[in-house]
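K.L.:
Let's have the full structure, built from the sequences with the hints guiding it.
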Amino acid sequence: MALHFLLRMVDLRKGMVRLALIGGAIFLSSATGLSAPAPSTVREMKVSFDVPAQSLSSALLMFGEQADVSLVVRKEDTTGLKSHAVKGSYYPNEALRRLLGDNRLGFAYIDSRTITLSPDLYKPSQTPVVEAEGPAPAQEDDPAPQAAEDIDEVVVTALRRRMNMQKVPVAVTVISPPLIRETRLHTLDDVGTRVPGLTVASFSIGQPTIHVRGVGSNDDGAALDNSIVMFIDDVYIGRITSISMNFFDLERIEIMRGPQGTLYGKNAIGGAINVTSNAPTPQLAGDLEMTLGNFDRRDLRATLSGPLVGKKILGRVAVHKRKRDGWQEALFLPSIRQNDENTWSGRSALQIDFSENTQVALRGDYSRDDFESTGRIPVVGRKEVLLLGPDGQLTGEAILPTDLFERLGGRVDMAINSDQGYTDRTIWGVSSRISHRGGYGELLSITAFRNSDFSWLEDSTGLPTHLVNQKVNSNVVEAHRQFSQELRWISPEGQDLTYIAGLYYLFEHTHRTENFIFPGQRSTTNQNNKTNSFAVFGEGTYALTPDLNIKVGGRLTYERKQMHQQNRANGVQIILVDDFTLDNMGSWTDFSPNFTLTWQQTPQVMWYGSVSRGYKSGGFQGAPATRDLAERTIDPESVWNFEVGYKSQWFEDRLRLNVVGFYADYRDLQVVQFKTEGNFGFFKTSNAASARIKGLEVEFTLKPFTGLELFGSYGYLDAKYHKFNDLSGRDFAGNTLRQAPRSSLYLAFHYEHPVRGGRLRLRGDYRYQGESYREPDNSLTIQPAFDLLDASIAYETGDNLWELTLWAKNLLDKEYITHLYVLGGNDYALFGTPRTYGATVTYSF
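Residue 232 in full-length UniProt numbering sits at position 232 of the sequence shown; the count goes up by one each step and never skips.
Ranges of calculated distance between the beta carbons of each label pair, as one might list FRET restraints:
id	residue 1	residue 2	range
1	MET585	LEU696	40 to 46 Å
2	HIS722	ASP325	45 to 51 Å
3	GLY734	GLY438	53 to 59 Å
4	TYR795	TRP650	31 to 37 Å
5	ASN164	LEU812	33 to 39 Å
6	ALA108	THR79	17 to 23 Å
7	GLU153	SER335	52 to 58 Å
8	ALA785	ILE352	48 to 54 Å
9	ARG522	TRP640	42 to 48 Å
10	TYR422	GLY757	44 to 50 Å
11	GLU65	GLU153	22 to 28 Å
12	ASN164	ASP496	16 to 22 Å
13	ASN164	ASN357	21 to 27 Å
14	ASN357	GLY734	55 to 61 Å
None of these hints come from the bench; they were simulated from the model.
For glycine and all other residues, C-beta sits at the position ideal for the given N, C-alpha and C.
P.N.:
Written out as structure tokens, the structure reads:
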């Protein structure tokens, strides 16, 4: 029904199409507002082309108009040449190659919307077999492999400019639209094992723990911040409850490792995640995608983009619905299936060109999650587990064999839950991006407002029996509002001295309530925090020689937090032990510099060395057990990071190889621990530790021949506490940091082969994560190593309109732990999703 409607809509007159775009934008704006885009990379979006065979110069003019790009080519290079016809939906670089055919012209992108063509750029391996307009000719069943073609350029904005990733002196990994689509990458959990040094473990969708190179946060109190920051279209996401968003209709995801404070601000002490959504297109384009899979998977995604008023005003609307039944049964509620998915998301965008130099972009996003509880299985110590009897009662402890999952009386798909529980979350945001360019460079203003509401209830009967021997529920309710304003001055390119300077302001208001609910009793902590943060920043790069650059930058930040909190223990003596009402205020000032030296050894090889300082905000206890804890201020943490990197491309750009080594010295590390006192216990976050972290990361991309592309990365990490005495005075110096596996490995291949009437694509992904600890006391608990295999096969029709994909995730149906929650020397585990599989049909126009 929906597909029929979309096909009919394409055939309507242009006025009706514009009305549909405006209506969709108004609809999403009314629920979410509109926000600002970063410019999109034209090559990463398909465009509808209709260029007949004709003189090459005339064909290039038509191509430029339809792709909305500028072409730079000498007249004598096109005189007397004929083009091939191009009709259908293609990526612009693919369409241009088909149009050029066997004409000995090559091309390269000067920037995202300017292409230069020249015989000097011609590479025979880049020119594909050109399909004539009309039915595709018969092809051999198994044609021989062709010569290799070069790997695609990757554009990033890690330094707040659009640059080739190979020219950026930062350890950055880019998740591209093909990878998002082919691997069904929807959340941060899916990203974690594909990036060296990044691990993601979700307590719930609103409570992920994200670590980069062993650095992250475990306390989600109202006045505490994460150590890894996320930006969506240049807008800072202030709370951990909003970070694990639904990934769809994206241009790219950039994961930067190491301190990024100069350009990304406070709390980017461990790294930054920069998400860029797709901008509107100058041509009418869209797609509809439907997915069916096991566990009653039912997904629907639709996108519509195009001009509203000529090419002066462009619009884009995208919606995405994900729904899947849970795979885990609640022991005492057999009708409930836990660990499900039920998410609805929407995104809208308007781009207005007031003049050649002035552009306003507005964007809005909205997401609603409604999940059942996440079921967990009780675990005790490193290799032990509480077993279940036939009646569902705990029978005691049992020492496990080497394989963690070879246990008697327990099942991964069975959780000890006596209440249904839920996770509800609503996120929305609006922003505007105003850009004006002149001879002085670019002036940029980014204004944004974001809102999140998160509510979570979970049966916690699986707590250690020596602490809790009756039914108990955990409940969190949080409301977060934030406003941000950023001004940037970006100098012109092509000068010996280039720079970025700016001002930044952020206001956050967080109201968080945490409850432990016992039969007839309830313990409650309320926290109401307001944060004001101001910053001035700048970074300049000077060319000492044509091949040697020095970059110096810094950020000065002032921050003030005001907290009102109230505890009501109501006789419950498990987590909270005091009744009190208290007001706190704290302020901090920090200056974080960075220094980078870059040497461009050859056009394909770059070396860099950097020294940078990172800073994470101070704050106050989350859910303090006593008044004494609530009155204590948690100091900021800081790091000095030393990094040496090597970026290269080899064999006529068929191999990309990037390597980085690093050493980090952390001070005043904020560590959250649970302390047991007799039959009671409480959580405490303190500046308990210093740490030394070192490691090596390797990433590569290889195209050995046309059609085959290989990817891989490896991360080695040695993250140790240098000085650390826990709450009981025990010395944990030399222990490994939380969520810091010593080794991680990612290997993947993508193979594309022409078949009769279309193309066949195969993909396989292998992911390995080494064992890691979940507590500073490494003897207490460990998350075992695990590896996963994903695969897909897709067929795309020759006109690029239809695509059918068969996919499977966790193909070998491995059982593995993704999260451990430790309390009183015991813990319970959240297991990863078992094998899922399905089929996806996509129609694009």
